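**Student:** Next come the chains, spelled out residue by residue.
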Amino acid sequence: MTYPSDAGPTPVLSLKDVSKSFGAVRALRDVSLELFRGEVHALAGENGAGKSTLIKTLAGVHRPDAGQVLLDGEPVLFHGPGDARDAGIAVIYQEPTLFPDLSIAENIFMGRQPRRALGRIDHKATHSATLALMQRLGVELDPDRPARGLSIADQQIVEIAKALSFEARVLIMDEPTAALTGSEVARLFGVVRTLREQGAAVLFISHRLEEIFQICQRVTTLRDGAWIASEPIDGMTEDDLVRRMVGRDLDELYPKQDVRPGEVALSVRRLTREGVFTDVSFEVRHGEIVGLAGLVGAGRTEVARAVFGIDRWDAGEVEVQGRKLTNGAPSTAMASGLALVPEDRRAQGLVMDMSIERNIGLTGLRTTVKAGLVDRGAERSRSLDWAVKLQVKYARIADTVNTLSGGNQQKVVLAKWLATGPRVLIVDEPTRGIDVGTKAEVHRLLSELAADGVAVLMISSDLPEILGMADRVLVMHEGRLTAEIPRSEATEESVMAAATGRAAA
Amino acid sequence: MPESLTRAVRWDTVVGALLIVLLLLSFSTVDGFGNALNLSFLIGNTLPIALIALPMTLLVVSGEIDLSVASTAGLSGSVMGALWNQGMTIETIIPICLLLGVVCGLVNGLLVTRLGLPSLAVTIGTLAAYRGIAQIILGSDAVTDFPTQYLDFAAGRIGDTFIPQAFLPFVVLLAIAVVALHATPFGRSLFAIGANEEAARFAGIRVKRHKLILFTVTGLMASLTGIFWALHYASARYDNATGLELSVVAAVLLGGIDFDGGKGTLGGAIAGVFLLGALQNVMSLQDVSAQSQIVVTGVLLVLSVLGPRVARQISVARAGRRAASTPTSSLSSPS
Numbered sequence: 001m002t003y004p005s006d007a008g009p010t011p012v013l014s015l016k017d018v019s020k021s022f023g024a025v026r027a028l029r030d031v032s033l034e035l036f037r038g039e040v041h042a043l044a045g046e047n048g049a050g051k052s053t054l055i056k057t058l059a060g061v062h063r064p065d066a067g068q069v070l071l072d073g074e075p076v077l078f079h080g081p082g083d084a085r086d087a088g089i090a091v092i093y094q095e096p097t098l099f100p101d102l103s104i105a106e107n108i109f110m111g112r113q114p115r116r117a118l119g120r121i122d123h124k125a126t127h128s129a130t131l132a133l134m135q136r137l138g139v140e141l142d143p144d145r146p147a148r149g150l151s152i153a154d155q156q157i158v159e160i161a162k163a164l165s166f167e168a169r170v171l172i173m174d175e176p177t178a179a180l181t182g183s184e185v186a187r188l189f190g191v192v193r194t195l196r197e198q199g200a201a202v203l204f205i206s207h208r209l210e211e212i213f214q215i216c217q218r219v220t221t222l223r224d225g226a227w228i229a230s231e232p233i234d235g236m237t238e239d240d241l242v243r244r245m246v247g248r249d250l251d252e253l254y255p256k257q258d259v260r261p262g263e264v265a266l267s268v269r270r271l272t273r274e275g276v277f278t279d280v281s282f283e284v285r286h287g288e289i290v291g292l293a294g295l296v297g298a299g300r301t302e303v304a305r306a307v308f309g310i311d312r313w314d315a316g317e318v319e320v321q322g323r324k325l326t327n328g329a330p331s332t333a334m335a336s337g338l339a340l341v342p343e344d345r346r347a348q349g350l351v352m353d354m355s356i357e358r359n360i361g362l363t364g365l366r367t368t369v370k371a372g373l374v375d376r377g378a379e380r381s382r383s384l385d386w387a388v389k390l391q392v393k394y395a396r397i398a399d400t401v402n403t404l405s406g407g408n409q410q411k412v413v414l415a416k417w418l419a420t421g422p423r424v425l426i427v428d429e430p431t432r433g434i435d436v437g438t439k440a441e442v443h444r445l446l447s448e449l450a451a452d453g454v455a456v457l458m459i460s461s462d463l464p465e466i467l468g469m470a471d472r473v474l475v476m477h478e479g480r481l482t483a484e485i486p487r488s489e490a491t492e493e494s495v496m497a498a499a500t501g502r503a504a505a
Numbered sequence: 001m002p003e004s005l006t007r008a009v010r011w012d013t014v015v016g017a018l019l020i021v022l023l024l025l026s027f028s029t030v031d032g033f034g035n036a037l038n039l040s041f042l043i044g045n046t047l048p049i050a051l052i053a054l055p056m057t058l059l060v061v062s063g064e065i066d067l068s069v070a071s072t073a074g075l076s077g078s079v080m081g082a083l084w085n086q087g088m089t090i091e092t093i094i095p096i097c098l099l100l101g102v103v104c105g106l107v108n109g110l111l112v113t114r115l116g117l118p119s120l121a122v123t124i125g126t127l128a129a130y131r132g133i134a135q136i137i138l139g140s141d142a143v144t145d146f147p148t149q150y151l152d153f154a155a156g157r158i159g160d161t162f163i164p165q166a167f168l169p170f171v172v173l174l175a176i177a178v179v180a181l182h183a184t185p186f187g188r189s190l191f192a193i194g195a196n197e198e199a200a201r202f203a204g205i206r207v208k209r210h211k212l213i214l215f216t217v218t219g220l221m222a223s224l225t226g227i228f229w230a231l232h233y234a235s236a237r238y239d240n241a242t243g244l245e246l247s248v249v250a251a252v253l254l255g256g257i258d259f260d261g262g263k264g265t266l267g268g269a270i271a272g273v274f275l276l277g278a279l280q281n282v283m284s285l286q287d288v289s290a291q292s293q294i295v296v297t298g299v300l301l302v303l304s305v306l307g308p309r310v311a312r313q314i315s316v317a318r319a320g321r322r323a324a325s326t327p328t329s330s331l332s333s334p335s
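So the protein sequences, as listed, match chains W and R.
No gaps in the numbering here: position 452 of the first sequence is 452 in our numbering, and each next residue is one more.
No gaps in the numbering here: position 303 of the second sequence is 303 in our numbering, and each next residue is one more.
Read the hints as simulated data drawn from the structure, not as lab findings.
Bear in mind the structure is a predicted one, so any value in this text is a computation, not a measurement.
Even for Gly, the Cβ is constructed at its ideal location relative to N, Cα and C.
Be careful, since some hints might not be right.
No more than 25 Å apart at the CA atoms, straight line, and that leaves these computed lysine to any residue pairs for SDA-like [to be verified]:
id, chain 1, residue 1, chain 2, residue 2
1, W, Lys370, R, Ile213
2, R, Lys208, W, Arg346
3, W, Lys370, R, Val171
4, W, Lys256, W, Val388
5, W, Lys324, R, Val171
6, R, Lys208, W, Val246
Covered by chain R, according to a simulated footprint, are these stretches of chain W (three or more residues, beta-carbon under 8 Å) [said to hold, decoys possible]:
id, stretch
7, 348-357
8, 365-376
Selected chain R positions facing chain W (in silico; Cβ < 7 Å) [to be verified]:
id, residue
9, Phe41
10, Thr113
11, Arg114
12, Gly116
13, Pro118
14, Ala180
15, Ala183
16, Thr184
17, Glu198
18, Ala199
19, Ala203
20, Gly204
Between the sequences and the hints, there should be enough to build the whole structure, so can you do that?
**Tutor:** In structure tokens form, the structure reads like this:
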């Protein structure tokens with residue numbers, strides 16, 4: 001299968017001069033895009049550039065105000081997602097939504113299972129059809145296994161298999177790699193390549209630029225709802241792409257300052273939570289950024305939760321600035337100067353229906369108090385102060401956080417915790433799913449905090465981020481700390497070796 | 001639609017406005033509504049619902065519910081009657097009954113917070129259990145001979161006005177509840193817990209302790225209501241206040257407290273209580289049959305769950321557009 005030339009065949013799916021407005025907001029302005037058979041096409045742009053609106057237009061969720069959607073060169077009008085699906089367009093989202101209690105096969109054929117006489121479901125046919133799909137994708141998943149307990153990576157495979165079962169010719173993958181580990185990404189890319197060779201057109205969205213260069217042949221860039229460029233990846237550099245996306249040269253992505261570490265700020269000794277992590281000991285000093293790497297499920301997040309007091313530990317102890325923490329008590333951890341920016345901002349970091357002001361205010365309910373009542377003036381100025389410092393983009397401080405983009409929501413979570421004036425800051429996947437511009441801002445912020453003497457423990461699945469920001473890298477594998485690597489010796493190879501358990505042997 | 005108009009779409013405001021409209025209409029068109037006796041009946045009959053609605057609002061805001069309140073009230077009245085029959089003084093009995101309410105609430109709270117059981121199930125269970133104990137204690141007796149000064153207080157009015165004497169303590173409790181929910185860190189935490197318990201925990205809020213306190217206070221208020229009920233109607237029976245929990249929940253939901261937690265105002269809840277109370281009063285004056293009254297209450301309950309959602313969806317949609325419109329505010333509006 002070859003990549004089509006300009007004079008080549010008609011695109012499977014294309015957008016021509018499409019515009020879409022919501023009220024006064026023009027989310028898309030005269031955007032064009034052509035997807036050909038057998039290509040993986042990247043859609044690049046910062047948060048708010050219009051990528052989601054474009055995807056939803058292709059998927060039949062939105063109808064364009066102006067311009068056309070063309071299928072095999074013919075204008076089509078999708079009345080809903082069902083129309084788009086019937087036309088062979090499938091969207092794979094970052095976090096799949098499967099029925100946990102149904103098997104993989106049942107999930108794939110939900111509502112349209114092969115039937116036997118009297119309308120009974122033909123389980124054998126469902127099973128073998130699923131097996132055939134898995135073989136086409138080149139993966140091994142048991143069709144009878146329930147969806148519960150599948151990793152996000154496996155769930156995505158199930159979604160892709162489901163798309164194939166609909167004879168999808170166009171696959172739209174919306175940040176499919178955001179929650180995957182390195183080896184899972186590699187497997188997903190294997191599947192994507194197989195699909196491409198079978199003639200599918202893939203539209204691929206990712207905030208990780210290196211992935212775009214790895215898997216895609218062409219890239220279309222959007223900025224502020226406008227089409228910027230569609231071009232082959234060959235011959236482009238990451239800097240070129242970033243410039244297209246942000247419209248200017250980007251500041252350094254990993255602005256790590258050199259800091260001389262001070263006293264021990266966080267000391268974790270022989271911490272154990274049965275069945276989750278075992279005998280974990282480490283220290284973080286004032287001014288230091290310590291990276292905590294490992295595969296998803298290695299126990300990194302669980303250690304952070306236990307240290308902060310969300311979960312109880314079974315053995316060991318935690319000290320913050322020489323003060324022993326109470327087991328299972330976030331409030332005493334906070335009082336000792338510890339803050340945790342959790343990995344899931346929507347479920348753990350924010351109350352989505354609450355205002356920006358009150359979300360930031362939640363961590364200050366003990367301090368912004370006058371005569372036992374919430375001091376609303378103090379609360380507002382505290383929230384405004386931090387929202388401005390972190391350059392959160394919002395209309396009003398009283399707007400609910402669910403009106404903000406992902407990157408700005410993450411800034412609100414950071415604001416909420418920085419407002420407590422922490423001396424030890426644990427950040428869990430601080431830049432997951434946010435655009436490259438905001439990512440650089442978050443990194444600069446962490447670096448400045450460390451320079452001010454804050455001890456930072458940074459959990460991240462983004463290896464370049466760990467290598468770029470950490471003074472030391474701790475690596476966990478299957479619930480144990482397997483390596484401690486100084487910045488000078490930390491490479492993708494050395495960290496991955498420890499994360500996969502190869503160095504431990 | 002102009003923004004000032006859409007921003008005003010808040011369900012508690014709607015309920016408050018409905019209450020005022022209903023009162024004005026009733027004063028001018030319903031015979032017998034405006035006289036002092038009827039008004040004092042209206043308030044007196046609504047007070048038990050209003051008293052329990054105070055803690056119930058806080059509970060529902062935090063994402064929990066207590067359906068055992070009416071049974072706790074009944075149990076409290078029952079114990080009051082039994083101890084009175086034993087010859088104890090009322091001054092000793094009342095603290096005992098209040099303490100009993102605390103215990104009832106504590107049991108609910110511990111079952112919910114320590115064992116992690118859903119409060120709906122737990123309190124349906126204790127609804128039956130507390131009522132059963134009430135019956136065991138007092139049987140089918142009715143105790144009516146409480147001291148006159150207490151009976152007078154619970155049934156009497158302030159001077160020549162239509163306002164029941166018991167309304168004043170209620171106003172004090174209402175003020176305390178409003179401040180607790182809307183102005184203290186405790187209340188702010190309840191909204192966070194109800195909207196996203198996980199995020200509240202990550203913010204260092206002691207979720208279980210907050211809930212335990214709420215269940216305990218609810219038990220206390222339910223038993224206070226039980227005492228008031230027995231004195232107001234001059235009758236302590238095991239089946240006092242039966243079914244009151246439904247009126248309370250209906251009124252609180254009607255007042256715009258989200259059943260899923262995290263949203264609502266106490267003002268709305270109390271407006272809901274008195275709207276329901278006034279409506280029932282008017283329907284009785286108009287000789288609407290009891291069955292029809294139940295139908296009206298039921299329809300209102302469904303509307304009350306629907307109304308706030310519609311109102312909120314409108315304002316969320318507006319807020320979303322507003323926020324999204326700022327980065328491109330230089331662009332002209334298409335309209």
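**Student:** Each hint: holds or not?
**Tutor:** Taking the hints in turn, this is what the structure says about them:
1. W:Lys370 - R:Ile213: holds, 22 Å
2. R:Lys208 - W:Arg346: holds, 22 Å
3. W:Lys370 - R:Val171: holds, 24 Å
4. W:Lys256 - W:Val388: holds, 23 Å
5. W:Lys324 - R:Val171: Distance ~46 Å between W:Lys324 and R:Val171 Cα, so the pair is violated.
6. R:Lys208 - W:Val246: Violated, at roughly 46 Å.
7. 348-357: holds (count 7)
8. 365-376: holds (count 6)
9. Phe41: R:Phe41 check fails; min Cβ-Cβ to chain W is 37 Å, beyond 7 Å.
10. Thr113: violated, 14 Å
11. Arg114: Constraint on R:Arg114 not satisfied, violated at 14 Å.
12. Gly116: violated, 15 Å
13. Pro118: Since the shortest Cβ distance to chain W is 20 Å, the answer is violated.
14. Ala180: violated, 10 Å
15. Ala183: It holds, given that the least Cβ distance between R:Ala183 and chain W is near 5 Å, below 7 Å.
16. Thr184: holds, 6 Å
17. Glu198: Check passed: Cβ of R:Glu198 comes within 5 Å of chain W, closer than 7 Å.
18. Ala199: holds, 5 Å
19. Ala203: holds, 4 Å
20. Gly204: holds, 4 Å
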